[in-house]
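Chemist: Sequence:
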Amino acid sequence: MKSWRVGLTRLELTAWTIIAPEITICWAMRQWVGARLLAEKYQDNGWTKTHGYFLQMGGFMLYRNDVMQGVLSPESLEGLTREGKIKVPAIMEEEIQDRSKGDAISKMLVIVQTMWFVAQCITRPAQGLATTELELITLGFAVLNGFMYFSGGTSHSTYAGLSAGVADPR
1 MKSWRVGLTR LELTAWTIIA PEITICWAMR QWVGARLLAE KYQDNGWTKT
51 HGYFLQMGGF MLYRNDVMQG VLSPESLEGL TREGKIKVPA IMEEEIQDRS
101 KGDAISKMLV IVQTMWFVAQ CITRPAQGLA TTELELITLG FAVLNGFMYF
151 SGGTSHSTYA GLSAGVADPR
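Here our numbering is used: the first residue of the sequence shown is 1, the next is one more, and so on.
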């Protein structure tokens with residue numbers, strides 16, 4: 001996908017999150033359920049929820065003779081494995097985690113900053129200070145964001161892709 005399309009997709013997701021954050025929560029829950037189902041379906045191949053998330057987010061690329069054919073989706077993985085054209089990608093969960101572009105320092109900074117804001121919102125009324133509507137709305141977003149982050153949704157990590165070869169039909 002071209003970089004401008006990726007940017008446009010991210011902008012669209014950001015807009016939807018601002019307009020209707022509950023949609024983002026439902027989307028994250030749908031991904032969580034999908035990852036669990038994929039992990040159960042391919043558990044004989046050593047798959048976990050991480051593999052399921054990775055597949056759903058387009059982490060596996062289809063190649064034939066070193067030429068990219070497209071992105072492997074859950075539906076295409078099922079169809080191609082059933083037809084015997086490819087095998088279920090065999091990759092360790094640690095290899096997928098190693099490709100994560102989210103580092104511990106940035107995640108910790110976000111968590112500390114959010115916890116500081118929540119603590120401020122709690123202590124202001126205790127000190128007799130007013131809490132503005134903007135702070136309350138931001139607190140609501142922080143709670144929703146924390147729910148999405150800690151529920152295991154994929155919105156907090158991005159991964160580099162892996163290849164899954166397509167058998168030559170000859």
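Do not take every clue at face value.
Said to hold, decoys possible - 25 Å max Cα-Cα, derived BS3-like pairs, lysine-lysine:
#1 Lys41 / Lys107
#2 Lys2 / Lys87
#3 Lys85 / Lys107
#4 Lys41 / Lys85
#5 Lys87 / Lys49
What the hints assert, rightly or not - Between beta-carbon pairs, the in silico distance windows are:
#6 Val33 / Pro125: 24 to 30 Å
#7 Leu8 / Leu129: 25 to 31 Å
#8 Glu75 / Cys26: 31 to 37 Å
#9 Lys107 / Leu136: 45 to 51 Å
#10 Met108 / Glu75: 32 to 38 Å
#11 Thr81 / Thr132: 22 to 28 Å
#12 Glu93 / Leu134: 24 to 30 Å
#13 Gly46 / Gly128: 42 to 48 Å
#14 Arg10 / Asp98: 34 to 40 Å
#15 Thr81 / Ala104: 33 to 39 Å
Read the hints as simulated data drawn from the structure, not as lab findings.
No residue lacks a Cβ here, since even glycine has one placed at the ideal position from N, Cα and C.
Chemist: Is it true that the C-beta distance of Glu75 to Cys26 lies inside 31 to 37 Å, as the hint says?
Modeler: Violated, at about 21 Å.
Chemist: Should the hint that Met108 and Glu75 are 32 to 38 Å apart at their CB atoms be regarded as holding?
Modeler: Since Met108 and Glu75 have Cβ atoms about 37 Å apart, the given range 32 to 38 Å holds.
Chemist: Taking 25 Å as the top limit, are the C-alpha atoms of Lys87 and Lys49 close enough?
Modeler: 19 Å, holds
Chemist: Using the Cβ atoms, figure out if Val33 sits within 24 to 30 Å of Pro125.
Modeler: 37 Å, violated
Chemist: That 42 to 48 Å hint for Gly46 and Gly128 (C-beta), does it hold up?
Modeler: Hint violated: Cβ distance 57 Å, outside 42 to 48 Å.
Chemist: When you take the CB atoms of Leu8 and Leu129, is the distance between them in 25 to 31 Å?
Modeler: Violated, since Leu8 and Leu129 (Cβ atoms, about 41 Å apart) do not stay within the stated range.
Chemist: Is the distance from the Cβ of Lys107 to the Cβ of Leu136 consistent with 45 to 51 Å?
Modeler: Check failed, 25 Å falls outside 45 to 51 Å.
Chemist: Can you let me know if the beta-carbon spacing of Thr81 and Thr132 is within 22 to 28 Å?
Modeler: 55 Å, violated
Chemist: So does Glu93 sit 24 to 30 Å from Leu134, Cβ to Cβ?
Modeler: 41 Å, violated
Chemist: Okay, Arg10 versus Asp98 on CB: inside 34 to 40 Å?
Modeler: Since Arg10 and Asp98 have Cβ atoms about 23 Å apart, the given range 34 to 40 Å is violated.
Chemist: For a C-alpha distance cap of 25 Å, please report whether Lys2 and Lys87 respect it.
Modeler: 28 Å, violated
Chemist: Tell me if the straight-line CA distance from Lys41 to Lys85 falls inside 25 Å.
Modeler: Distance of about 18 Å is within 25 Å: holds.
Checked against the numbered hints above, the structure violates hints 1, 2, 3, 6, 7, 8, 9, 11, 12, 13 and 14; every other hint is satisfied.
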